[in-house]
Amino acid sequence: EAAVTQSPRSKVAVTGGKVTLSCHQTNNHDYMYWYRQDTGHGLRLIHYSYVADSTEKGDIPDGYKASRPSQENFSLILELASLSQTAVYFCASSDRGRSAETLYFGSGTRLTVL
Amino acid sequence: KTQVEQSPQSLVVRQGENCVLQCNYSVTPDNHLRWFKQDTGKGLVSLTVLVDQKDKTSNGRYSATLDKDAKHSTLHITATLLDDTATYICVVGPNSGTYQRFGTGTKLQVVP
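Going line by line, the protein sequences match chains A and B. In this text, residue positions in the first sequence follow the numbering used here: the first is 712, and each later residue adds one. In this text, residue positions in the second sequence follow the numbering used here: the first is 0, and each later residue adds one.
Excised from the complex, chain B in its bound form (with noise of 0.2 Å):
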């Protein structure tokens, strides 16, 4: 069973739209919840980290909630840029890189 569900597979919006991207779990321990970015045919770069049994960070236009009882984080983009256009991975786990849990990604098209 995918321990790391993402929805939606993927996206298409416009340029200035904000968008929700959701992040349902089931891996444990879930301590840290990160969310990245790929840029196609490149790596991932930390966006925002969540670890609080109910918590919110904010990064710019990233914003990001995490739900520990539901299992459920998001991750809000506000005022969509064309730069946005990439993939965003979720990923859960103890304080360890070695257990961490990788979703799948939502790939995100901002179009003009």
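Chain A extracted, bound-state conformation (with noise of 0.2 Å):
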């Protein structure tokens, strides 16, 4: 079973202070994804990534930003977090190779901004 890994699972932040959240998988999976989840709105894409060293910017890349070092690890940094980003963020990974690719997603990590 493909496995995506997220940390932490809920952080508080201060306004204006550094935020990363992690993420991990083990699926050799090339594509990995940052959405984020609000109340009244279906998941939105802020970063992917296709590759190792690079990232590309989502729907909302706005005061985010991505990394990408190896294939397993794809972290999301907010330099200056604000309240309006408080919200929870999921990682995913697919398969790109497949026909119909599936997103595996981690469970979350529930961001409060202060």
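It is worth saying that the hints were derived from the structure and are not from the lab. Ideal Cβ placement from N, Cα and C applies to all residues, glycine included. One should not assume that every hint holds.
[Claimed, not checked] Distance ranges between label pairs, derived from CB positions: (1) B:Q52 / A:S718: 26 to 32 Å; (2) A:R807 / B:P111: 40 to 46 Å; (3) B:K53 / A:A763: 36 to 42 Å; (4) B:S9 / A:G728: 33 to 39 Å.
[Stated by the list, open to error] Lysine-lysine pairs mimicking BS3-like chemistry, simulated, CA-CA at most 27 Å apart: (5) A:K722 / B:K55; (6) A:K768 / A:K729; (7) A:K729 / B:K36; (8) B:K55 / B:K36; (9) B:K53 / B:K41; (10) A:K729 / A:K776; (11) B:K55 / B:K70; (12) B:K41 / A:K776; (13) B:K70 / A:K722; (14) B:K53 / A:K768; (15) A:K722 / B:K36; (16) B:K106 / B:K36; (17) B:K70 / B:K106; (18) B:K53 / B:K70.
With the hints in hand, could you dock these two chains into one complex?
Structure representation (structure tokens):
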């Protein structure tokens, strides 16, 4: 079974502080994604990566950076956290080679910015 | 405009009853439509994927239909169990996670 693990599970940050969310996958998947989930919204794509040392912007990248130092690891970085970034963040991976690729999700990180 | 709309927003059924969840979308391309289950505090888990113009799938007590002409999908859950309590999310898009669009989900509660 594919495995995506996120850390931390929850975090409280102060406005203006730096936050790093981590994601690790053991699926040997090329693609990794960061989404945020807000009440009343479907998941929205922040950043994604299809190869180590390269990241791409998703639909809502403003205020976020991403880092993919290896195939297994993908981080989301909030350099200056803001109240509006309070949300649940999900990491996912997928195998691009499959004809109907399945997204495998981590359990999420609940971020509260005060 | 919301590209993937799900209804109802929430639903309460008694254990053993059947239920139907709806997904209407305006996303293009719509190569794949996938239904996910999200338990409270957990990540999304894929239940089934539909790909054909008029498609049907079955996965145990879960069955789904897709009509791309109507841009409409249904998820049927037969003989619900308490463990079916979750949010069910419809996702539509091409064969790439980068362009898929997520619905806001239907929150299902199964009561004894």
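Results of checking the hints against the structure:
no.	hint	in the structure
1	B:Q52 / A:S718: 26 to 32 Å	42 Å, violated
2	A:R807 / B:P111: 40 to 46 Å	43 Å, holds
3	B:K53 / A:A763: 36 to 42 Å	40 Å, holds
4	B:S9 / A:G728: 33 to 39 Å	35 Å, holds
5	A:K722 / B:K55	41 Å, violated
6	A:K768 / A:K729	19 Å, holds
7	A:K729 / B:K36	32 Å, violated
8	B:K55 / B:K36	18 Å, holds
9	B:K53 / B:K41	31 Å, violated
10	A:K729 / A:K776	11 Å, holds
11	B:K55 / B:K70	14 Å, holds
12	B:K41 / A:K776	24 Å, holds
13	B:K70 / A:K722	39 Å, violated
14	B:K53 / A:K768	33 Å, violated
15	A:K722 / B:K36	24 Å, holds
16	B:K106 / B:K36	10 Å, holds
17	B:K70 / B:K106	21 Å, holds
18	B:K53 / B:K70	10 Å, holds
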